[in-house]
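**Q** Sequence:
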Amino acid sequence: MRCRQINSEGGKTIAIPVVYVISDSIGETAEFVAKAAASQFNSGEIEIRRIPYVSDEEHLEQVLSEASEYKAVVAYTLVVPALRQRLAEIAQEKGLIVVDVIGPMLEALGKVSKTTPRLEPGLLHKLDDEYFRKVEAIEFAVKYDDGKDPRGVLYADVVLIGISRTSKTPLCMYLAHKRLKAANIPLVPEVAPPEELFKLPPRKVIGLTIKPEILNPIRQERLKALGLASNADYASMERILHELDYAENIMKKLGCPVIDVSNKAVEETASKILQIYYRGDRNEK
Numbered sequence: 001m002r003c004r005q006i007n008s009e010g011g012k013t014i015a016i017p018v019v020y021v022i023s024d025s026i027g028e029t030a031e032f033v034a035k036a037a038a039s040q041f042n043s044g045e046i047e048i049r050r051i052p053y054v055s056d057e058e059h060l061e062q063v064l065s066e067a068s069e070y071k072a073v074v075a076y077t078l079v080v081p082a083l084r085q086r087l088a089e090i091a092q093e094k095g096l097i098v099v100d101v102i103g104p105m106l107e108a109l110g111k112v113s114k115t116t117p118r119l120e121p122g123l124l125h126k127l128d129d130e131y132f133r134k135v136e137a138i139e140f141a142v143k144y145d146d147g148k149d150p151r152g153v154l155y156a157d158v159v160l161i162g163i164s165r166t167s168k169t170p171l172c173m174y175l176a177h178k179r180l181k182a183a184n185i186p187l188v189p190e191v192a193p194p195e196e197l198f199k200l201p202p203r204k205v206i207g208l209t210i211k212p213e214i215l216n217p218i219r220q221e222r223l224k225a226l227g228l229a230s231n232a233d234y235a236s237m238e239r240i241l242h243e244l245d246y247a248e249n250i251m252k253k254l255g256c257p258v259i260d261v262s263n264k265a266v267e268e269t270a271s272k273i274l275q276i277y278y279r280g281d282r283n284e285k
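Following this note's numbering, the numbering of the sequence shown begins with 1 at its first residue and continues without gaps.
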């Protein structure tokens with residue numbers, strides 16, 4: 001059984017339960033229920049792995065396969081019948097313990113009201129569209145920052161690509177406050193871009209570039225902040241030019257719009273990104 005181990009007050013090693021929270025929306029409801037349940041046990045310790053925006057069977061199967069490796073409990077708030085059915089089938093095959101957080105309440109309300117539920121993901125958050133879209137976008141930006149999970153680009157409103165220190169992360173957070181789900185993918189010559197990137201329409205991908213003479217001191221300062229020598233290869237002009245050439249070739253293959261972030265504030269660059277997203281203007285520089 002693969003799970004996190006901790007030492008209790010008595011010096012004994014105990015296993016920390018792992019709970020996978022699966023949702024076709026944010027997943028905060030099931031996470032809250034799992035934490036409330038864990039608080040009723042002595043340690044109250046629990047490791048929650050929230051998997052939001054599960055909208056297809058392939059993604060669901062991958063998550064459940066991983067959960068089975070940890071003998072995890074699976075709590076879910078899926079409302080689409082086909083996904084709920086598939087989850088039940090896989091869980092039975094793998095011997096997983098699953099908890100349907102929303103299903104029993106849906107059935108109870110349906111019986112009382114004698115109506116059929118709409119079965120649309122995320123309706124709760126439409127009660128206050130502006131607020132909840134912002135929350136979703138912020139969580140999305142954090143989850144899919146720096147290419148952590150390339151599958152996220154398929155669900156993003158906009159995907160930013162560029163080499164290191166081109167403001168990808170701060171731009172994604174800024175756009176999230178504008179209620180756009182933004183993911184970002186770093187472009188590194190030694191690592192091929194995820195294949196998901198090439199499945200997107202060019203307008204959804206925005207390349208970020210920067211003048212090498214401006215990037216050089218920025219990287220040097222970054223190395224100093226990390227306690228490393230400022231003359232490391234990461235900050236060398238030769239390395240920077242190599243990375244910029246590589247990134248330019250990728251952007252040309254994608255046919256995506258490109259923005260030069262040199263000497264631009266995050267707000268200024270974000271404004272150009274929003275123009276591209278809403279107006280389809282692909283000529284921003």
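Any given hint could turn out to be false.
Pairs of lysine-lysine, DSBU-like flavour, derived with a Cα cap of 35 Å [claimed, not checked]:
| no. | residue 1 | residue 2 |
| --- | --- | --- |
| 1 | LYS134 | LYS35 |
| 2 | LYS94 | LYS224 |
| 3 | LYS272 | LYS253 |
| 4 | LYS264 | LYS252 |
| 5 | LYS94 | LYS143 |
| 6 | LYS94 | LYS211 |
| 7 | LYS204 | LYS143 |
| 8 | LYS134 | LYS199 |
| 9 | LYS264 | LYS143 |
| 10 | LYS111 | LYS199 |
| 11 | LYS134 | LYS264 |
| 12 | LYS178 | LYS114 |
| 13 | LYS224 | LYS199 |
| 14 | LYS148 | LYS272 |
| 15 | LYS143 | LYS114 |
| 16 | LYS71 | LYS35 |
| 17 | LYS111 | LYS204 |
| 18 | LYS143 | LYS253 |
| 19 | LYS143 | LYS224 |
| 20 | LYS264 | LYS178 |
| 21 | LYS71 | LYS148 |
| 22 | LYS199 | LYS252 |
| 23 | LYS94 | LYS111 |
| 24 | LYS199 | LYS211 |
| 25 | LYS111 | LYS148 |
It is worth saying that the hints were derived from the structure and are not from the lab.
**Q** Confirm or reject each hint.
**A** Hints and how they fare:
no. : hint             : result
1   : LYS134 to LYS35  : 24 Å, holds
2   : LYS94 to LYS224  : 49 Å, violated
3   : LYS272 to LYS253 : 21 Å, holds
4   : LYS264 to LYS252 : 23 Å, holds
5   : LYS94 to LYS143  : 27 Å, holds
6   : LYS94 to LYS211  : 53 Å, violated
7   : LYS204 to LYS143 : 18 Å, holds
8   : LYS134 to LYS199 : 26 Å, holds
9   : LYS264 to LYS143 : 26 Å, holds
10  : LYS111 to LYS199 : 43 Å, violated
11  : LYS134 to LYS264 : 24 Å, holds
12  : LYS178 to LYS114 : 39 Å, violated
13  : LYS224 to LYS199 : 38 Å, violated
14  : LYS148 to LYS272 : 25 Å, holds
15  : LYS143 to LYS114 : 39 Å, violated
16  : LYS71 to LYS35   : 18 Å, holds
17  : LYS111 to LYS204 : 43 Å, violated
18  : LYS143 to LYS253 : 26 Å, holds
19  : LYS143 to LYS224 : 27 Å, holds
20  : LYS264 to LYS178 : 19 Å, holds
21  : LYS71 to LYS148  : 24 Å, holds
22  : LYS199 to LYS252 : 15 Å, holds
23  : LYS94 to LYS111  : 32 Å, holds
24  : LYS199 to LYS211 : 29 Å, holds
25  : LYS111 to LYS148 : 43 Å, violated
The structure does not agree with the numbered hints 2, 6, 10, 12, 13, 15, 17 and 25 stated previously, though it agrees with the rest.
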